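Enquirer: Listed below, chain by chain, are the residues.
Number of protein chains: 2
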Amino acid sequence: MAEDKKNVDESAEPQVPQAVVSRLSLYLRELQHLVRDGFETTSSTQLGRLLGFTDAQVRKDLAYFGQFGYPGIGYRCAELIAAIKKILGTNQSWSLAIVGMGNLGRALIGYRGFQQQGFEIVAGFDTDPAKIGNKIEGLQVYHLDEVTQVVREKNIRLAIVAVPSAVAQRVADALVSAGVEGILNFAPVTLALPKHIHTVGVDLAIELEQLSFNVVSKLAKGP
Amino acid sequence: MAEDKKNVDESAEPQVPQAVVSRLSLYLRELQHLVRDGFETTSSTQLGRLLGFTDAQVRKDLAYFGQFGYPGIGYRCAELIAAIKKILGTNQSWSLAIVGMGNLGRALIGYRGFQQQGFEIVAGFDTDPAKIGNKIEGLQVYHLDEVTQVVREKNIRLAIVAVPSAVAQRVADALVSAGVEGILNFAPVTLALPKHIHTVGVDLAIELEQLSFNVVSKLAKGP
DNA sequence: TAGATTGTTAATCGATTAACAATC
DNA sequence: TAGATTGTTAATCGATTAACAATC
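Top to bottom, those sequences are chains F and E.
For the first sequence, this note's numbering gives the first residue as 961, with consecutive numbering after it.
For the second sequence, this note's numbering gives the first residue as 961, with consecutive numbering after it.
Please note: incorrect hints may appear among the correct ones.
Since the list gives no way to pick one copy over another, a pair counts as held whenever it fits inside one copy or between any two copies.
As the list claims (entries may be wrong) - Only pairs whose alpha carbons sit at most 25 Å apart, straight line, appear in this in silico SDA-like list of lysine to any residue:
1) LYS1178 / ARG996
2) LYS1155 / GLN1076
3) LYS1095 / GLY1062
4) LYS1045 / SER1003
5) LYS1095 / TYR1030
6) LYS1091 / GLY1070
7) LYS1091 / ASN1063
8) LYS1091 / SER1177
No lab work stands behind these hints, which were simulated from the structure alone.
Quantities reported herein were computed from a predicted structural model and do not represent experimental measurements.
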């Protein structure tokens, strides 16, 4: 128990790369489309083609989590969907908080895609007195000072941060001390948080920078 | 010239991994914060610490593009900012179109972070007659049928897709045939587009799935 | 049976890290 | 000079792909 070599994780499982987890979400999305389009089964080749991956990669990714396919047949879509949801934790529904009732925050409250994948926003927070106590887009808005109480009452484990950069770190700290375990951060800053808190950052300007880089780079090569 | 081994890109340059490009955007963001906070210079160690990377990785990433540092000194922030902007193509301003004037589309029009990094939304598109011809959040809204003309007139090279999944592919096709070269897609679908068109997909539900996966996985290990 | 497709091992490829001479 | 830090090469590590026996 005492002997740790380097900083290797002590847990037994093979340790799943984050890249595998994000492809898992893409497999889930494609499988849902396949079911909608009437497919009962699919194959690693088909899934790979739809997403631009090799068939080997699809099989390898799934192999991290178990055996889900049938040699000679492929994968039963409904079955694989259920399995991936279980792995991702979205076989159950998650209660979310959102902080920041600006343009982006309000848009996210109305976003249908969250509900569809098992995420329900159950509380909004802001510090603007004009907004607190009202409902915005049907969602009850609380003062950030009440976050600890509301998070406990409503069993909130994940939160969305949609506030200006200048206050994002303070808001994140408040969420963490209220007991939130994961944060989806839309403010264009790197949050400094305890290691056991999970963070995903979405910086919209950065996404555009990836595009502009690729567009300008391609100028070098002719058509 | 004829002899190509496998499907190796013919272009001379070392071929930059996409992961490097996204870290480049993060370096830029941190450098801008450092300048705001009064730093004249920084180092690979400092940048790495702020972002959770090793110093070696920072230097290696930058080395793809040239020599920007001073041995014994580090990097001059302003200088490195200018260099990265040039690499990413954001030393110039980009004119953007946005398609879809729903909740998310309207929020993105008002998002200050785009302007700040050199992206200006100059035209909105929709197919709802009630919206066309008006200004939304100060932005002129056109019918999607006019996209080719507007794209040409306003020199638009990048576009944001914020429409429902069901129509995202058709919208993307229209943008491409209008001459757009890069698409930031918020619809939760994989777009099938010509190889020379660049796409970045942002699926908000998938970002939350990454969080839920990590939160449930951590249950296995006790504190 | 023949054809299809899995799960898995081994081979390849690519990315990260460590180390260090060169430089300020 | 001593201390700091770069750019770069070599070593390590990890992820992807190819190949194939097993299975339906």
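Enquirer: For each hint, tell me whether it holds in the structure or not.
Expert: Going down the list of hints, with the structure as the test:
For a Cα distance limit of 25 Å, the shortest separation of LYS1178 from ARG996 qualifies neither inside one copy, at 37 Å, nor across copies, at 33 Å. For the identical chains of this complex, LYS1155 and GLN1076 are neighbours neither inside a copy (30 Å) nor across copies (31 Å), given an alpha-carbon limit of 25 Å. In this homomeric assembly, LYS1095 and GLY1062 come within 25 Å of each other (Cα to Cα) both inside a single copy, at 14 Å, and across copies, at 20 Å. In this assembly of identical chains, LYS1045 and SER1003 lie within 25 Å of each other by CA distance solely inside one copy; the values are 18 Å within and 43 Å between copies.
Proximity of LYS1095 to TYR1030 under the C-alpha cut-off of 25 Å is found in neither arrangement, the shortest distances being 50 Å within a copy and 55 Å between copies. Proximity of LYS1091 and GLY1070 under a CA criterion of 25 Å is satisfied in both settings, with 17 Å inside one chain copy and 19 Å between copies. In this assembly of identical chains, LYS1091 and ASN1063 lie within 25 Å of each other by CA distance both inside one copy and across copies; the values are 13 Å within and 19 Å between. In this homomeric assembly, LYS1091 and SER1177 never come within 25 Å of each other (Cα to Cα): the closest approach is 45 Å inside a single copy and 36 Å across copies.
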